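Undergrad: The listed protein sequences derive, respectively, from chains A and B.
Numbered as in the working numbering, the first sequence ends at 257 without a single skipped number.
Numbered as in the working numbering, the second sequence ends at 385 without a single skipped number.
Calculated directly from the structure, the hints in this document are not laboratory data.
Computed from a prediction, not measured in an experiment: that's the story for all the values here.
Mixed in with the good hints there might be a few duds.
What the hints assert, rightly or not - Chain B stretches covered by chain A per the calculated footprint, using a threshold of three residues with CB under 8 Å from any CB of chain A: (1) 143-157; (2) 335-348.
Said to hold, decoys possible - Below, computed lysine to any residue pairings styled on SDA-like, alpha-carbon distance capped at 25 Å: (3) K45(B) x S129(B); (4) K188(B) x L248(B); (5) K16(A) x D335(B); (6) K250(B) x D335(B); (7) K151(A) x Q336(B); (8) K209(A) x T138(A); (9) K158(B) x E258(B); (10) K373(B) x P53(A); (11) K68(A) x N195(A); (12) K109(A) x N384(B); (13) K304(B) x P53(A); (14) K65(B) x N127(B); (15) K96(A) x K188(B); (16) K96(A) x S328(B); (17) K365(B) x N195(A); (18) K348(B) x R206(A); (19) K10(A) x T90(A); (20) K158(B) x N364(B); (21) K348(B) x Y230(A); (22) K114(A) x R382(B); (23) K109(A) x I383(B); (24) K68(A) x S116(A); (25) K96(A) x K45(B); (26) K114(A) x R356(B); (27) K91(B) x Q79(B); (28) K120(B) x S60(B); (29) K182(A) x K114(A); (30) K109(A) x L314(B); (31) K96(A) x G330(B); (32) K307(B) x Q244(B).
Virtual Cβ for every residue (Gly too), placed ideally from N, Cα, C.
Residue strings, one per chain:
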Amino acid sequence: MLEIKNLHVKINENDKEVIKGLNLTIPDGEVHVIMGPNGTGKSTLSQTIMGSPKYSITSGEIEFNHKKLNDLATDERARLGLFIGMQYPTEISGVKNVDFIHAAMNAMKPAEQKVSVLEFMHRLDKVMDFLDIPEDYTDRYLNEGFSGGEKKRNEILQMMMIQPQLAILDEIDSGLDIDALKVVSKGINEMRDDNFSALIITHYDRILKYVRPDVVHVMMDGRVVISGDYHLAEQLEAGGYATLRDRLGIDAKLVDD
Amino acid sequence: MSLSIQEFAKKNNEPQWLAVKRMVAAKMAPNFAIDNQQRNFNFAKPNLNQQKINFSNQASDQHQKDGVIAMDLFAAANQFPELIQENFMEKAIYWRDNQLNANHLAYLQSGGFVFIPDNKYIDEPINISNLIQHDNQEKHLLIIAAAGSASNIIFEDKNTNIENDRLMIEVLLGDHAKVNFYDAALSKAQNTHRVLNAYLAQNAELNTYTSLFNHFNSRYDSNIDLDGVGSLATINLINLADKQQKQLIKTKIVNQSEHTSGTINERGIVADEARTICDTTGQIKQDAPNSYSDQTNRLLTLSKESKGKIDPILLIDNHDVIAGHAASVGRVNADQLYYLKTRGIPAKEARLLLTRGFLIPLINKFPDEKIRKQMMINLEERING
Chain A
1 MLEIKNLHVK INENDKEVIK GLNLTIPDGE VHVIMGPNGT GKSTLSQTIM
51 GSPKYSITSG EIEFNHKKLN DLATDERARL GLFIGMQYPT EISGVKNVDF
101 IHAAMNAMKP AEQKVSVLEF MHRLDKVMDF LDIPEDYTDR YLNEGFSGGE
151 KKRNEILQMM MIQPQLAILD EIDSGLDIDA LKVVSKGINE MRDDNFSALI
201 ITHYDRILKY VRPDVVHVMM DGRVVISGDY HLAEQLEAGG YATLRDRLGI
251 DAKLVDD
Chain B
1 MSLSIQEFAK KNNEPQWLAV KRMVAAKMAP NFAIDNQQRN FNFAKPNLNQ
51 QKINFSNQAS DQHQKDGVIA MDLFAAANQF PELIQENFME KAIYWRDNQL
101 NANHLAYLQS GGFVFIPDNK YIDEPINISN LIQHDNQEKH LLIIAAAGSA
151 SNIIFEDKNT NIENDRLMIE VLLGDHAKVN FYDAALSKAQ NTHRVLNAYL
201 AQNAELNTYT SLFNHFNSRY DSNIDLDGVG SLATINLINL ADKQQKQLIK
251 TKIVNQSEHT SGTINERGIV ADEARTICDT TGQIKQDAPN SYSDQTNRLL
301 TLSKESKGKI DPILLIDNHD VIAGHAASVG RVNADQLYYL KTRGIPAKEA
351 RLLLTRGFLI PLINKFPDEK IRKQMMINLE ERING
């Protein structure tokens with residue numbers, strides 16, 4: 001279970017506060033979605049949960065399974081079962097996809113439970129097959145020369161191999177054609193069970209047709225302003241953020257106003 | 001109890017010209033130049049003790065069938081004086097150049113001689129690591145590739161933990177000869193000095209691939225002389241320095257004649273509190289129109305305390321040429337490091353992955369797959385201790 005209490009976060013580069021008293025709880029087994037206008041702190045939130053060095057928590061707490069994350073390093077958080085699917089996955093020349101995923105899987109496990117190469121390749125084959133990923137993927141360097149869609153698919157492949165307890169998926173649906181969107185959704189749905197939860201950050205409701213969320217949150221100006229079921233997303237799509245803001249009487253400036 | 005040079009030469013059954021040359025070198029050495037950077041590698045004279053010399057050709061059966069000679073240098077000096085007298089420390093590494101060279105000649109303890117016969121294409125790599133006694137201080141390899149030959153040659157260090165280690169390698173290529181040379185500098189000596197110089201005749205081609213994975217203070221000198229019209233050389237060097245290591249890497253290719261081409265590619269990792277200096281020179285002489293000189297240096301520093309420095313130098317005396325250089329010293333990419341960490345990979349292991357990733361593009365250039373694998377193994381071993 002992820003619990004965020006009265007979180008305030010600033011961007012290190014310019015000292016600007018972007019998360020301003022955010023509360024969020026994601027119980028095990030649930031898929032939550034965060035929607036919100038541009039520049040409202042959605043990506044900052046996901047990177048802060050993961051411990052990106054670009055952001056600092058100025059007050060508040062993030063707990064995962066009742067363990068405080070605030071001062072843990074990124075790799076320690078990952079080993080507790082957190083995963084982030086990035087909006088812009090980094091390219092790393094010289095590091096093969098296959099070696100990277102194997103290293104990541106083994107990093108999660110104590111020395112005596114390391115995954116053998118054979119076991120790993122077997123599982124990798126199965127997951128790649130499931131996600132319709134071509135074979136040459138593995139021998140290519142990590143994300144190097146991958147198209148936008150290939151990168152996102154690769155994030156989902158990593159998620160399914162690593163089997164995290166909580167996956168934060170930051171705009172995993174952006175830049176995808178309909179086929180790729182279906183594959184990505186299929187991967188997320190395959191992961192769903194009582195021990196897995198997800199936080200999907202998105203601009204559009206189209207992924208929600210394939211991945212039915214348990215809760216939809218709307219973020220504005222660094223806070224969650226309203227939460228509901230997936231009908232909330234539909235209302236948003238119909239009326240836009242400005243209408244919702246005015247209805248709720250929130251004093252938030254939208255970037256595109 | 002050390003023997004005198006004369007006694008040592010006699011026990012080795014060295015021909016008289018060689019014994020005399022060594023004694024002259026010992027006498028003249030103090031008169032030759034030495035700069036401050038070289039002074040640290042002006043080692044104390046080693047003990048000259050009699051060693052058992054293998055007089056036979058040590059090339060593999062197949063290589064011997066092709067006419068390849070790989071044998072002890074002292075033995076070869078007797079058998080092939082016409083090949084050795086005019087080439088040994090006269091063309092690629094000139095013994096009068098500085099004090100280090102003269103002392104090396106005077107106190108040489110162990111050497112190897114390799115000859116690739118003309119117009120032979122030798123497919124299977126020739127491993128010459130066992131031609132010398134690795135735990136000696138002053139060692140030498142003389143490689144002659146005759147006209148029209150083609151070969152892949154490998155040398156790997158196998159020393160234990162000696163104080164000082166110097167190996168000078170000379171490669172001489174005849175007209176149209178081609179050599180790919182893999183040099184794995186894996187010395188564990190406290191001070192290591194490696195020299196790899198070459199002399200190329202017309203249309204010869206030399207590609208050197210060096211893994212500079214020494215453990216302590218080290219100096220690497222490579223000077224390639226493109227003397228023959230149309231000759232071509234590439235230096236590919238990867239290096240890794242860690243702990244309190246100090247590393248100096250001096251590479252130079254000189255275009256002496258027209259239509260020559262020299263390329264230097266270097267990539268290095270500097271970790272912990274290590275320091276690496278790359279001093280890279282491309283020189284095009286006036287008599288070398290239509291020539292090409294290019295150098296690329298990249299150093300990646302892994303910690304705040306590690307220091308990397310690159311001095312790229314281009315000396316161009318003819319204006320009808322193409323020349324360029326690129327150099328960068330940079331820290332590990334923070335975004336890449338973060339990405340690896342988000343997958344639970346600890347910082348130390350993430351750095352190792354990025355280290356490998358940084359060096360692999362150069363390793364992949366080596367044409368022989370077996371040697372590429374060996375380079376990877378050497379890299380893994382160096383990274384892990």
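Undergrad: Evaluate each hint against the coordinates.
TA: Going down the list of hints, with the structure as the test:
Check on the segment 143-157 of chain B: 0 of its residues sit with their Cβ under 8 Å from a Cβ of chain A, so the three-residue criterion for coverage is violated. Counting residues of the segment 335-348 of chain B whose beta carbon lies closer than 8 Å to any beta carbon of chain A gives 12, which reaches the threshold of three, so the coverage claim holds. Pair hint K45(B) plus S129(B) holds up; C-alpha atoms about 24 Å apart against a cutoff of 25 Å. Pair hint K188(B) plus L248(B) holds up; C-alpha atoms about 16 Å apart against a cutoff of 25 Å.
Among the hinted pairs, K16(A) with D335(B) is consistent with the structure: their alpha-carbon atoms are about 21 Å apart, no more than 25 Å. In summary, the hint linking K250(B) to D335(B) is not supported, as the alpha carbons are separated by about 32 Å, beyond the 25 Å threshold. Only pairs whose Cα atoms come within 25 Å are accepted, and K151(A) paired with Q336(B) is accepted, the gap being roughly 15 Å. Distance hint between K209(A) and T138(A) is unfulfilled; the C-alpha atoms sit about 30 Å from each other, more than 25 Å.
Distance restraint check for K158(B) and E258(B): the Cα-Cα separation of roughly 40 Å exceeds the 25 Å cut-off, and the hinted pair is therefore not satisfied. Taking the CA atoms of K373(B) and P53(A), the gap is about 37 Å. The hint is violated against a cut of 25 Å. Restraint check for K68(A) and N195(A): the C-alpha separation of about 19 Å stays at or below 25 Å, so the hint holds. With a CA separation close to 21 Å, the supplied pair K109(A) and N384(B) stays within the 25 Å bound.
Taking the CA atoms of K304(B) and P53(A), the gap is near 17 Å; set against the 25 Å cutoff, the hint holds. Straight-line distance between C-alpha atoms of K65(B) and N127(B) comes to about 16 Å, which keeps the hinted pair within the 25 Å bound. The hinted pair formed by K96(A) and K188(B) fails the criterion: a straight-line CA distance of about 30 Å is larger than 25 Å. The suggested pairing of K96(A) with S328(B) holds, with an alpha-carbon distance near 24 Å, which does not exceed 25 Å.
For a cut-off of 25 Å, the pair hint linking K365(B) to N195(A) is broken: about 47 Å separates their Cα positions. Taking the CA atoms of K348(B) and R206(A), the gap is near 40 Å; set against the 25 Å cutoff, the hint is violated. Our distance criterion of 25 Å between C-alpha atoms is met by K10(A) and T90(A), whose separation comes to about 23 Å. Distance hint between K158(B) and N364(B) is fulfilled; the C-alpha atoms sit about 24 Å from each other, no more than 25 Å.
For a cut-off of 25 Å, the pair hint linking K348(B) to Y230(A) is broken: about 43 Å separates their Cα positions. For a cut-off of 25 Å, the pair hint linking K114(A) to R382(B) stands: about 23 Å separates their Cα positions. For the suggested pair K109(A) and I383(B), the alpha carbons sit about 22 Å apart, so the restraint of at most 25 Å is met. With a C-alpha separation of about 32 Å, the suggested pair K68(A) and S116(A) falls outside the 25 Å cut-off, and the hint is violated.
Pair hint K96(A) plus K45(B) does not hold up; C-alpha atoms about 48 Å apart against a cutoff of 25 Å. Taking the CA atoms of K114(A) and R356(B), the gap is about 21 Å. The hint holds against a cut of 25 Å. A distance of roughly 20 Å separates the Cα atoms of K91(B) and Q79(B); the hinted pair therefore holds under the 25 Å criterion. Pair hint K120(B) plus S60(B) holds up; C-alpha atoms about 15 Å apart against a cutoff of 25 Å.
Restraint check for K182(A) and K114(A): not satisfied, since their Cα atoms lie roughly 32 Å apart, outside the 25 Å limit. Restraint check for K109(A) and L314(B): not satisfied, since their Cα atoms lie roughly 52 Å apart, outside the 25 Å limit. Distance check on the hinted pair: K96(A) and G330(B) sit about 22 Å apart at the alpha-carbon level, within 25 Å; holds. For the suggested pair K307(B) and Q244(B), the alpha carbons sit about 11 Å apart, so the restraint of at most 25 Å is met.
In the structure shown, a violation is registered for the earlier hints numbered 1, 6, 8, 9, 10, 15, 17, 18, 21, 24, 25, 29, 30, in ascending order.
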